[in-house]
Amino acid sequence: MAVPAATRSGGIHAPPWLGIYLNDHLVAATAAVGLARRMTRRHRRSAYGGELARLTAEFVQDRRSLLWCMASLDVPVRRGKVRAARAAERAARLTPGGRPRRRSGVNTLMGLEALRVGVEGKALLWRSLLAVAVHDTRLQTG
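Sequential numbering of the sequence shown, starting at 599, is according to the working numbering.
By construction, these hints were calculated from the structure, which means they are not laboratory data. Among the clues, some could well be false.
Here are the computed distance ranges between Cβ atoms for each label pair [unchecked claim]:
{"id": "1", "residue 1": "VAL717", "residue 2": "ARG642", "range": "16 to 22 Å"}
{"id": "2", "residue 1": "ARG677", "residue 2": "ALA731", "range": "23 to 29 Å"}
{"id": "3", "residue 1": "LEU665", "residue 2": "ARG639", "range": "20 to 26 Å"}
{"id": "4", "residue 1": "VAL658", "residue 2": "LEU722", "range": "16 to 22 Å"}
{"id": "5", "residue 1": "LEU665", "residue 2": "LEU707", "range": "26 to 32 Å"}
We put the CB at the ideal spot given by N, CA and C, even for glycine.
With the sequences and hints as input, model every part of the structure.
Structure follows, in structure tokens:
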């Protein structure tokens, strides 16, 4: 991973690829929060409703932490991408006829798999940001 470049004033600025990377993760986090919230609502009375609620809270907190990191690095949020992610998550609920999908075991399984991919993706994101934090004090909180 490349080290952030120093500015003429001695500060550090994030390389352009980092902004793209973080915004892409923000898009994924936004979609994951929407999916997790929807699944939590649908399954709140099931045996795994509590676990889904806990996972949803973690996705929300991770998204907030990502926004904090982006602000710390002066990486602008690409709001168009975020709006598109929200719209895509909502559109995924529809069938080709434009009606909301009926609940089924397959929908639940696909949603759980998507959330698992989200968990794995966020773990990779945080590992990458730890590598950047070694070279960029703006990400060091302690």
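Determine which of the earlier numbered hints do not hold for this structure and return their numbers in increasing order.
-> none
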